[in-house]
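Here is what each chain is made of, one letter per residue.
2 protein chains.
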Amino acid sequence: MLSSSLINEIQKILGKENVFTTLEERLCYGYDSTPEAFLPDLVIRPTCTEQIQKILKLANLHLFPVIPRGAGTGLSGGSLPVKGGVILDLNRMDRILEIDEENLVATVEPGVITAHLQEEVEKRGLFYPPDPASLKTSTIGGNVAECAGGPRAFKYGVTRDYVLGLEIVTPKGEILQTGGKTVKSVTGYDLTRLYTGSEGTLGIITKIILRLIPKPEAKKTMMIVYERLDDAAKTVTLIIKQGIIPVTLELMDDITMRCVENYLQLGLPLDAEAVLIIEVDGPIDLVEKQINQVGELSRANGAREVKIAKNEKEREEIWAARRAVSAAVVQIKPTKISEDIAVPRSQIPVMVRRLKEIAFRYQLNLAIFGHAGDGNLHPNILCDKNDSEEMERVEKAIGELFQAAVELGGTLSGEHGIGTMKAPYLKLETGEVGFEVMRAIKKALDPNNILNPGKIFGSG
Amino acid sequence: MLSSSLINEIQKILGKENVFTTLEERLCYGYDSTPEAFLPDLVIRPTCTEQIQKILKLANLHLFPVIPRGAGTGLSGGSLPVKGGVILDLNRMDRILEIDEENLVATVEPGVITAHLQEEVEKRGLFYPPDPASLKTSTIGGNVAECAGGPRAFKYGVTRDYVLGLEIVTPKGEILQTGGKTVKSVTGYDLTRLYTGSEGTLGIITKIILRLIPKPEAKKTMMIVYERLDDAAKTVTLIIKQGIIPVTLELMDDITMRCVENYLQLGLPLDAEAVLIIEVDGPIDLVEKQINQVGELSRANGAREVKIAKNEKEREEIWAARRAVSAAVVQIKPTKISEDIAVPRSQIPVMVRRLKEIAFRYQLNLAIFGHAGDGNLHPNILCDKNDSEEMERVEKAIGELFQAAVELGGTLSGEHGIGTMKAPYLKLETGEVGFEVMRAIKKALDPNNILNPGKIFGSG
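Protein chains in written order, with the working numbering: chain D, 2 to 461; chain V, 2 to 461.
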């Protein structure tokens, strides 16, 4: 708990109206998109870097935790105040400071909503590709802190690939500038990428310099239905071998399709093992050519149905199915544990089979969907967090699915981060040495463990 | 100096034939592509990770420096034994361990020559884009340690963008595995990118997992002559605004052209301010369309001459000019100080003018060429390292050119690294806070300063 004199001091820095102390207010900042929730001691809403500097100096002096928070859409517990402390809400620092059209660079504050930035740059014929599912509410700051991905990552890469530079407030309250407006920069250690994806444990990101690209001229979307998952996976490999790099290569399994169909009645097949949603973009002639090539390849490799969207309305219908997934799967059970493993692309069929076997063994409802192009699958376990017996089985199943991913040469997390949810499993992938190297970095840069304690490394 | 009992122990680990002790042998490992040279105490040539682990354990016990070395083509002094110690030559660890065509991933040892890997993957229809000028001799390990770039970086990114995972021997002799075969991975801190570009100061890279892409179907090359540099720069911006992303956008200034023409008699113009060499690649129809678009844009924006290569022979002729630059410029003076600043693309004309002004003021010969697409310029100061009066002027000019780059929002080094050459200027860009953050990481991961001491941070 924070003393009232300390709260007073914080109020002086930020103005009383930007410091929330009541239980009701604090409750509103203690959750994210995981099933967990914790109560912070205080919530603050700074508007500038200087205020954050003062707060961190205070935190380092009085040793209270500071937990940066964007929109709270995280899926690994990154913004949960697991050890109490002060929630630092960055939503009021939401200015797009510059869109430099000549150098294809945007400079933004962390609270800018991802979709808002995308709209603004697209008005200018430019493009910011990273597209986490939460993009209509999530913030760029949160995207950078978690190194968010999204369907378009297969062609365009993840958030990391667009962060050119950062302004960071260190735990001591100092200002660190990393990178800049140039794409190439090898001046000392790559701090920009170290802080990107560091989940708020090393510093508070207060400014972000992002690379933009020209907006692709056209795009074309298709849905392909497969009786057999292996044929879908084989098609994906063949598409890429032909030198075609679609923007998205989304995969939905049978259970996912049934959930969506039950929810929306779109006429999805209920007896097929897999559906791919493929989108290609680029110059219009090339897009036309490639979408037809993909169609032919699919038909030659076991596709039951190939549907190319002829217009924007048909394109919307295809994406409606994919977008409905999250809402549809929770119709089965109230709690959704959304996992985020990635495996080498060729291992997708093996991984899906192992996932289904694990779910069967623990008698759990499991919907699998994700990004087939980069092997990033989202197995969603549908359960009830109030059913403690079921949650025990969920826990065991999660342990096994992580184990399987790592055994197949994959990773615990493709795009959601470790947070609290995956902290107990971290060493599975990093080993003891990787864990110790990461912890040495944390200790070197935040010796008093002020910033977002309990994340990545767990409570250890 | 190493004691003879220590040398004995090292010989036991590696076999006597892989430990060089004579002055002649040691002299061969004390230089790189900078004008500097230092004498190591010992040179060792390990063949496997286990040997390196044993050496590092010994180094940490007896506190001698270990300096990893690839082909010695570095331009910032990264492999120079500035404090003596043991040169760890990685050239015998030169196996391509796997080219995984299904997942588009190659796993290699650090001593693999860049061009060799490129040939092998291209035989399979795949492509490894990073192309430092030294690629015919440089090693992948060195490329990763320095985060090498090259002309193709404008479209395809730098080495960092292709490193998916690493095996590293830590200063304690432990094995650290980072990343893996998946493109997406956010499991804890991004150690893969932290070690990439860390110039051998944090660990010895013993295995590298690289992302590959499908080989582009076709490419087309052109040379464009401009009376005025500003017109060349304007064209570059307009090309990108049209959504065309060429593979290369190489720029040569008037002095560079004169040097090349003097050396090779290719018929280059001697009265023009700038030449651009532009190459586009991709599907054949698109390449044809884009090269013509670039041609039209150039003519509409002050180009005096636009020459599109009609065949491979003409393409070779165009590239011959660019490739001859390094050899040509040293015809003027024996010593070439090759700098590597990068500025936001729009600042290229300003930067070139400031560079010319600095060279004029210090009465130095300066040739400027580089990668206009990403604002990465290589101002080459041509001088005589035995002329101490001239070298003093060179020193001052370098300080000013770094200052100018940073003032224009740029960086000290786009692709060569800091090494020893730029260490005195590091804080110009990182500031005190960035310097201390980097040094805290170095201290946390190599507390005894065994690995490549004197680099990045200087002797401080």
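Treat the hints as calculated values from the structure; they're not laboratory data.
Please read all numbers here as calculations on a predicted model, not as lab measurements.
There could be a bad hint or two in this list.
Note that the list lumps identical chains together, so a pair holds whenever it fits in one copy or between two copies.
[Said to hold, decoys possible] With a straight-line Cα cutoff of 25 Å, these simulated DMTMM-like cross-link-like pairs (lysine to aspartate or glutamate) come out:
#1 K308 x D272
#2 K220 x E289
#3 K208 x D162
#4 K428 x E168
#5 K84 x E297
#6 K235 x E123
#7 K220 x E306
#8 K208 x E433
#9 K242 x E120
Hints, one by one, checked against the model:
1. K308 x D272: within (17 Å within a copy, 59 Å between copies)
2. K220 x E289: Answer is both: 9 Å inside a copy and 21 Å across each meet the 25 Å cutoff.
3. K208 x D162: Classified as both: same-chain Cα gap 16 Å, cross-chain 23 Å, threshold 25 Å.
4. K428 x E168: between (30 Å within a copy, 16 Å between copies)
5. K84 x E297: Neither: 55 Å inside a chain and 62 Å across chains, both beyond 25 Å.
6. K235 x E123: between (34 Å within a copy, 22 Å between copies)
7. K220 x E306: within (20 Å within a copy, 36 Å between copies)
8. K208 x E433: This pair counts as between: shortest inter-copy Cα distance 19 Å, intra-copy 34 Å.
9. K242 x E120: Result: close only across copies, 18 Å inter versus 33 Å intra.
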